[in-house]
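A.B. asks: Here are the chains, one letter per residue:
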Amino acid sequence: MRALRAGRLTYAVLGVFTLGSLFPLVWTAIAASRNSTRLARTPPPFWFGGNLGRNLSVAWTDANMGTALLNTVIVAGTVAAGTVVFSTLAGFAFARLRFRGSRVLLALVVGTMLIPPQLSVVPLYMLIAELSWTDRLQAVVLPTLVSAFGVFFMRQYLAQALPAELVEAARTDGASSLRIVWHVVFPVARPAMAVLGMLTFVMAWNDFFWPIVALTQNGSPTVQVALTGLGRGYVPDQSVIMAGALLGTLPLLLVFLLFGRQIVGGIMQGAVKG
Amino acid sequence: MTDETAVLSPSPARTARKGEGEGRRQVWRSRRYRWDVRFGPYAFVAPFFLFFAAFGLFPLLYTGWAALHQVELTDPDSMTWVGLKNFTRLWDDEFFWNALRNTVTIGLLSTVPQLLIALGLAHLLNYRLRGSAFFRVAVLTPYATSVAAATLVFVLLFGRDYGMVNWALSGLGFGPVDWQNGPLASQVAVSTIVVWRWTGYNALIYLAAMQAVPAELYESAELDGASRWRQFLHVTVPSLRPTIFFTCVVSTIGATQLFGEPLLFNGGAAATGGSDHQFQTLGLYLYEQGWVNLHLGRASAIAWAMFLILLLIAGAARLLRGRGEAR
Numbered sequence: 001m002r003a004l005r006a007g008r009l010t011y012a013v014l015g016v017f018t019l020g021s022l023f024p025l026v027w028t029a030i031a032a033s034r035n036s037t038r039l040a041r042t043p044p045p046f047w048f049g050g051n052l053g054r055n056l057s058v059a060w061t062d063a064n065m066g067t068a069l070l071n072t073v074i075v076a077g078t079v080a081a082g083t084v085v086f087s088t089l090a091g092f093a094f095a096r097l098r099f100r101g102s103r104v105l106l107a108l109v110v111g112t113m114l115i116p117p118q119l120s121v122v123p124l125y126m127l128i129a130e131l132s133w134t135d136r137l138q139a140v141v142l143p144t145l146v147s148a149f150g151v152f153f154m155r156q157y158l159a160q161a162l163p164a165e166l167v168e169a170a171r172t173d174g175a176s177s178l179r180i181v182w183h184v185v186f187p188v189a190r191p192a193m194a195v196l197g198m199l200t201f202v203m204a205w206n207d208f209f210w211p212i213v214a215l216t217q218n219g220s221p222t223v224q225v226a227l228t229g230l231g232r233g234y235v236p237d238q239s240v241i242m243a244g245a246l247l248g249t250l251p252l253l254l255v256f257l258l259f260g261r262q263i264v265g266g267i268m269q270g271a272v273k274g
Numbered sequence: 001m002t003d004e005t006a007v008l009s010p011s012p013a014r015t016a017r018k019g020e021g022e023g024r025r026q027v028w029r030s031r032r033y034r035w036d037v038r039f040g041p042y043a044f045v046a047p048f049f050l051f052f053a054a055f056g057l058f059p060l061l062y063t064g065w066a067a068l069h070q071v072e073l074t075d076p077d078s079m080t081w082v083g084l085k086n087f088t089r090l091w092d093d094e095f096f097w098n099a100l101r102n103t104v105t106i107g108l109l110s111t112v113p114q115l116l117i118a119l120g121l122a123h124l125l126n127y128r129l130r131g132s133a134f135f136r137v138a139v140l141t142p143y144a145t146s147v148a149a150a151t152l153v154f155v156l157l158f159g160r161d162y163g164m165v166n167w168a169l170s171g172l173g174f175g176p177v178d179w180q181n182g183p184l185a186s187q188v189a190v191s192t193i194v195v196w197r198w199t200g201y202n203a204l205i206y207l208a209a210m211q212a213v214p215a216e217l218y219e220s221a222e223l224d225g226a227s228r229w230r231q232f233l234h235v236t237v238p239s240l241r242p243t244i245f246f247t248c249v250v251s252t253i254g255a256t257q258l259f260g261e262p263l264l265f266n267g268g269a270a271a272t273g274g275s276d277h278q279f280q281t282l283g284l285y286l287y288e289q290g291w292v293n294l295h296l297g298r299a300s301a302i303a304w305a306m307f308l309i310l311l312l313i314a315g316a317a318r319l320l321r322g323r324g325e326a327r
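Quick note, the sequences are listed as chains A and B, same order. Here UniProt numbering is used: position 240 in the first sequence is 240, and no number is missing along the way. Here UniProt numbering is used: position 124 in the second sequence is 124, and no number is missing along the way.
Think of the hints as simulated: they come from the structure by calculation, not from any bench. A couple of the hints might just be wrong.
Computed footprint of chain B on chain A; a stretch qualifies when at least three of its residues, placed anywhere within it, have a C-beta under 8 Å from a C-beta of chain B [unchecked claim]:
1. 88–96
2. 122–128
3. 201–210
Where is the CB? At the ideal position from N, CA and C, for every residue including glycine.
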């Protein structure tokens with residue numbers, strides 16, 4: 001690692017990048033605070049108007065955003081919790097337990113990462129139609145409850161953070177595997193579990209293709225399904241559409257505001273080892 | 001495996017000293033212990049493989065089976081065997097080839113600038129910065145924005161009559177661009193959304209790799225009188241080669257899957273990818289065939305075609321990589 005001190009030009013260019021990254025989001029809020037007539041005029045608005053409250057409430061009720069937000073919290077929360085627990089268990093087994101076929105199985109896990117989920121979407125739809133799960137939340141929770149990336153991420157973390165002697169000492173004391181997981185693995189893995197949980201939450205929140213197929217706008221939509229409904233002209237008012245987009249993004253921005261540094265750390269950590 | 005037998009089986013003397021019942025309990029306990037050691041690991045990895053088998057592997061294989069049938073969305077239970085008809089149909093389908101071309105163009109237009117900009121951005125973030133945490137979180141924010149929210153905003157920004165992009169262009173003296181209907185313009189616009197969402201993410205991955213480059217490499221390059229730019233080209237980039245390869249793979253897979261952006265960039269979010277299919281991607285075409293035209297068999301055939309294309313790309317990448325390493 002090398003760290004040269006940054007000059008003014010560096011700060012200027014980074015400032016441009018920051019502006020470019022944040023501007024579309026800020027402008028979403030600006031457009032959401034205007035009305036559709038103002039948005040159909042040049043030059044486009046650069047500052048907030050007084051319509052934000054009205055647009056948010058229309059989006060909340062007419063576009064089903066209230067239900068959608070609640071549903072998405074449930075879905076993303078369950079998926080994140082499931083992924084974290086299952087990934088930690090499997091990651092621990094791959095990192096510190098010896099069993100026949102472990103190398104092959106780990107290679108399989110990594111291999112599944114390269115299979116794009118879109119390829120399975122047709123039979124998956126037939127499956128949930130068969131089970132009468134269409135438009136029910138388990139249809140989007142169960143297929144994404146485990147993640148190969150998560151298993152690999154936890155394995156890499158535990159292989160380095162969990163001393164083998166610690167596990168062996170617990171074994172010597174006669175602790176069962178479950179006790180070891182509860183009293184040794186979980187405490188050590190906690191930071192990585194938190195990062196994986198946040199990354200998974202963000203991914204599940206933004207999952208798009210499958211929810212569009214499995215859920216409907218008027219039944220039990222996730223945020224992405226409700227926003228697609230808005231894009232389909234469900235509410236033909238651009239400022240309301242922007243208010244919906246704002247509602248659907250704000251919770252995640254909040255997570256970012258609170259845990260941004262940890263999420264950045266998690267992505268960088270996953271990158272070096274991946 | 002060595003510790004388990006040594007530590008766990010109770011010594012014979014001890015068992016004998018205790019009563020019969022106690023001994024049996026000991027035997028039972030040690031047997032349970034051995035089971036735990038032998039099968040525990042499988043129990044821990046089982047949830048992943050069970051869920052993957054049910055919701056990943058089975059559907060993937062079944063896609064191949066469904067592709068050989070005529071299946072309608074309205075009645076998924078009745079399947080009629082049609083052999084390779086879905087595939088031959090696809091071969092003669094101009095919309096399929098159109099979608100394939102668009103996927104390649106949009107893939108290049110989004111992946112190449114995205115990774116190049118990310119590399120430069122990572123280089124800047126690697127300087128000793130005041131407020132480096134702020135910059136890192138800021139450039140990652142688009143990653144937290146969903147495809148839907150981002151696309152809906154960009155639709156307005158790229159509006160032909162009142163959009164901010166055209167307003168800015170007219171200030172520079174360029175005529176209004178029809179970002180919706182122009183074939184190339186619409187693909188540039190769709191690619192812009194992808195670039196906006198993923199550049200910061202890739203920059204952080206490059207940054208992590210840059211921080212792992214040993215400082216001595218730069219010091220010796222400095223001694224040789226290499227300029228900053230030459231150091232970047234001859235030290236940073238070669239050290240990052242595995243990471244660059246990794247991001248190329250991930251972005252390529254992402255590009256072949258592109259769906260949300262072209263769906264929502266279209267007015268009314270119809271799955272056609274524009275009035276003239278000018279930005280319809282393979283993912284979008286799959287969706288249109290399956291869930292708009294209700295032909296699940298044809299949709300499966302498209303899915304398998306996409307899979308084959310990915311395999312071809314992977315094969316080509318392997319060849320290229322092998323040659324690069326041989327040199």
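A.B. asks: All the hints need checking, so say for each whether the structure fits it.
C.D. replies: Results of checking the hints against the structure:
1. Coverage of the stretch 88–96 of chain A by chain B holds in this model, with 5 residues showing a Cβ closer than 8 Å to a Cβ of that chain against a need of three.
2. Under the rule that three or more residues need a Cβ within less than 8 Å of chain B, the assignment of the stretch 122–128 of chain A holds, with 6 such residues.
3. Here the stretch 201–210 of chain A counts 5 residues with a CB under 8 Å from a CB of chain B, which clears the bar of 3, and the coverage holds.
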